[in-house]
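Make a model of the complete structure from these sequences and hints.
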Amino acid sequence: MIRLENVSKTYGSGAQAIHALKPTDLHVPQGAIHGVIGLSGAGKSTLIRCVNLLERPSSGRVFVDGQELTALSPKALNHARHGVGMIFQHFNLLSSRTVFANVALPLELMGVARREIRERVQPLLELTGLTDKLDKYPAELSGGQKQRVAIARALASRPKVLLCDEATSALDPQTTTSILELLKDINRKLGLTILLITHEMEVVKSICHRVGLIAGGKLVEEAEVGDFFTAPKTRLGRAFLNAFLELDPPQALLERMQAEPGEHTHPVVRLAFRGDSVALPLISRLTRDCDVDVSILEAKVESIQERTLGLMIAELIGTPDRIDAALDYLNAHDLQVEVLGHVQRNA
Amino acid sequence: MSSAMLELILKATLDTLYMVGLSGLVAAALGVPLGVMLYITRPGQILARPLTNRILGIVTNVGRSIPFIILMVAIIPFTRLIVGSSIGTNAAIVPLTIAAIPFVARLVEGALNEIPPGLIEAAQSMGATPYQIIVKVLIPEARGGIITGLTITLVTLISYSAMAGAVGGGGLGDLGIRYGYNRFDPLVMLITVVILVVLVQGFQSLGDALVRRADHK
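From first to last, the protein sequence lines are chains A and B.
Note that numbering that gives the first Met the number 0 gives residue 14 to position 15 of the first sequence, counting from 1, and the numbers run on in steps of one.
Note that numbering that gives the first Met the number 0 gives residue 103 to position 104 of the second sequence, counting from 1, and the numbers run on in steps of one.
Everything labelled a hint here was simulated from the structure, so no lab data went into it.
In this text, all values refer to a predicted model and were calculated from it rather than measured experimentally.
Positions of the beta carbon are idealized from the N, C-alpha and C atoms, including for glycine.
Cβ-to-Cβ under 10 Å is the rule here; a few derived chain A residues that face chain B:
hint	residue
1	LEU52
2	PRO73
3	LYS74
4	ASN77
5	ARG80
6	ARG96
7	ALA149
Structure below.
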């Protein structure tokens, strides 16, 4: 539904040129919710603005619904933009218009007749839960309500794609949840394809199917959300995940930890249980079958979409050959094992 | 006070209102579009034309830098061309209008500056043409600021119109100079000043009320 081919954006030229977005490919299939996560300044805003050409890419081609937007005349582009809704961090509602008139705006721009506008706005206000607010001005609404108006407005032209630019970043956690639920609902009911950018793992976790990680203007990693949360491939991905899960070895242990195994050390491992391994009593089998002791330092279970993710930091205690056997045993199951370091055995 | 005097005062008041009203109307009709042009032709704006923007900016600044009393005298040939005379109320309207146009334009430009850029971006994302952005976003969103600007312009025009009175423009300024000052009639002077104050207060209150109705920020 959305396809970027080799899209890049450079500001300025020569030595002062800033490469906000390096040549990037992206494909979001019909009906998917695709997230792009990154720190501020990573280029995610530029990326999403290149999709509806609010930023014209310096190179590359942009396709939405099979149509190459980068090849269109300004007039044709305006027409094509009716098929791409967008919502923003700061809502961008017109303060001079009521809720109803804000939602009606894209229809007015398209030249839809007054009567039909009324008929089309009403169901959108119902969908977004705003029927009792239609005469209010944005200044009288809460942040969450404003974003609902913005969503209704973005849907008014019956787009096939919705772009969400940090749509929940200005909202409190509770409101964020309700807005994300609404987006999920819209995705299901209308089959709308959603591309969203965010810096919050929570957003990715709760609604995205796939996620891309952007850094320095480059998509450095892309994966199914379940995979990304269980086995991020890049260091940045792991940093995002650990910050989100808050699962790092305790400080006291970190200070004792060394990178290489010594004579009397045993490993500290981070185990990520996913897929079938979640349901198996692996730790008790490990102690029984491999004859090692497991000292659990931290553990956590997260629900990501329909999948369960278990995370654990543990010390494996035993003789070197038994520990090797234990690691082999763990690796043989659907389990991600990462040796974080080694600590001296306590006397 | 004689009824003839009262009649004179009434006529002078109506003359002032006529001068201010007509010049204000024409200045708004030309100054608002000029202000919009100044805004949308800026680099990075929806109809970015840097050269046009520079030229418009310079013309506007020149217009604003000439003191009104000098402008009035300097454009006498032009005034004569338009209204056929260089004295009287109609003749005063020409320099009043010309002085007010750049004034309005800068105030409108300032009002447009207050619009969050995200609103324009949102309209663009909906496929709005530059014309639609001006009509549906820029003007309505800046309405309060534009009305404030026009109110300031009207008040300024009242004081300018009194100056025009000094060189034969008619109106309250003319009355104040001829009867109050030259004939040294303190009562006429006082009445003139009071009426001017009331006019200014009236315009300001009306403007404020309109802004309150227009603004939903």
